[in-house]
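> Those protein sequences? They're chains A and B, same order as listed. FYI, in my numbering the residues of the first sequence are 1 to 188. FYI, in my numbering the residues of the second sequence are 1 to 143.
Rather than coming from a laboratory, the hints here were simulated on the basis of the structure. No residue lacks a Cβ here, since even glycine has one placed at the ideal position from N, Cα and C. Heads up, a few of these hints could be off.
Derived EDC-like pairs (lysine to aspartate or glutamate); straight-line CA-CA distance at most 20 Å [said to hold, decoys possible]:
| hint | chain 1 | residue 1 | chain 2 | residue 2 |
| --- | --- | --- | --- | --- |
| 1 | B | Lys113 | A | Asp94 |
| 2 | A | Lys168 | B | Glu73 |
| 3 | B | Lys113 | A | Glu158 |
Which bits of chain A does chain B cover? Going by a derived footprint, with three or more residues having C-beta under 8 Å, they are [said to hold, decoys possible]:
| hint | region |
| --- | --- |
| 4 | 37-43 |
| 5 | 60-66 |
| 6 | 77-89 |
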Amino acid sequence: MTSSNRQDWRLPADPSPAELARAAAGDRDAFGLIVERYETLVYSVAYNVLGNRLDAEDAAQDAFLCCYRSLPQYRSEASFSTWLFRLALTTAIDSRRRERRRPEPAEMPDIADERSTGPGMGVDAATIMRALGDLPEDYRTPTVLRDLYGLPYQEIAELTGRPLGTVKVMVHRGRASLRLRLRAAGEA
Amino acid sequence: MDCGGVRALINRYIDGELGYVEIAELQQHLDFCPDCSLELRELGDLRGVLAAWGEIRLAPPMGFADRVMAAVEREPLPGAPRSLAEVVDEALERLDRALGRMPLPGGRTIPVKNVIGWGLAVAAVVIGLERRHGREESEVRVP
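Same shape as in the complex, but just chain A (with noise of 0.2 Å):
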């Protein structure tokens, strides 16, 4: 599988080997600072993939219950940053995948930082949460992967068991969907 770096410099710094070591061989209070430090980056990106607060908060606990499990198995080839964003992601697919989609609550997380306002250029953070949610999931993942965690598109395809094709043109109709809904939104 190929790997694209440029999540690699947003996300945040990996735990010490020391602390790895004890949350590895089950040291539930270092694991909990692990929980700590990489909750909103989990939880975020679930809720990116899933669009649907509920389900995102089943998927990233799903995440973390799995990184807990197979913390004896990383090792640090990758940093530990990228394993568990990557544990997050397939989580959230997997989730997408066994369609557990529940009635979603009307209102939407908040971002965790609250120095930042939201996206730019005009857009706000619950326009885009609602645009995002808004379009039909086989438009919303690959979209998301693409465009939101730069991975390139053969690696969509793998993650999401579609044909690379197939994830192409679900990517441009997002966008061209995403595009004309940020407008309306623009323009209401």
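Keeping the supplied structure of chain A fixed, place chain B upon it in accordance with the hints.
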């Protein structure tokens, strides 16, 4: 080149997939087509917005970390021997991920793993029936 063909090129341009000749063709069209020029500009802006959104961290619901740790408390220690059911469950999950899903009419999909499972089950029933039928025939022939 018409606008329909250019739309496909615009996405490939945004993805950095176009060669020099295709970029020149695209540029030629954009020089006289304000609609496609606007589409290129807006899709470029959209990618910027989405990339920026991908860096924003969303706050999980209150008490999320506590719920995760409560679930972790119920877990066996990492690396501890696992039950056969857990091993089988994980193997099926991996198989599911590797095989993907196949489309059904109406836009729905079904795991390929399930289709193979049902196929094997039907084949087993058919083979069983044929063997039983064959045994009954041989019993009829042999007095």
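> Confirm or reject the coverage of the region 60-66 of chain A by chain B under the rule of 3 or more residues with a beta carbon closer than 8 Å to the chain's beta carbons.
holds (count 4)
> Between the alpha carbons of Lys113 of chain B and Asp94 of chain A, is the straight-line distance 20 Å or under?
14 Å, holds
> Holds or violated: Lys113 of chain B and Glu158 of chain A, Cα atoms, limit 20 Å.
Measuring from Cα to Cα gives roughly 16 Å; hence the hint holds.
> Is the coverage entry for the region 37-43 of chain A by chain B consistent with the three-residue Cβ rule at 8 Å?
holds (count 4)
> Are there three or more residues in the region 77-89 of chain A whose C-beta lies within less than 8 Å of some C-beta in chain B?
Coverage by chain B is violated for the region 77-89 of chain A (0 residues, Cβ < 8 Å).
> Keeping to a limit of 20 Å between CA atoms, is the pair of Lys168 of chain A and Glu73 of chain B held or broken?
42 Å, violated
The structure fails hints 2, 6 (numbered hints given earlier, in ascending order).
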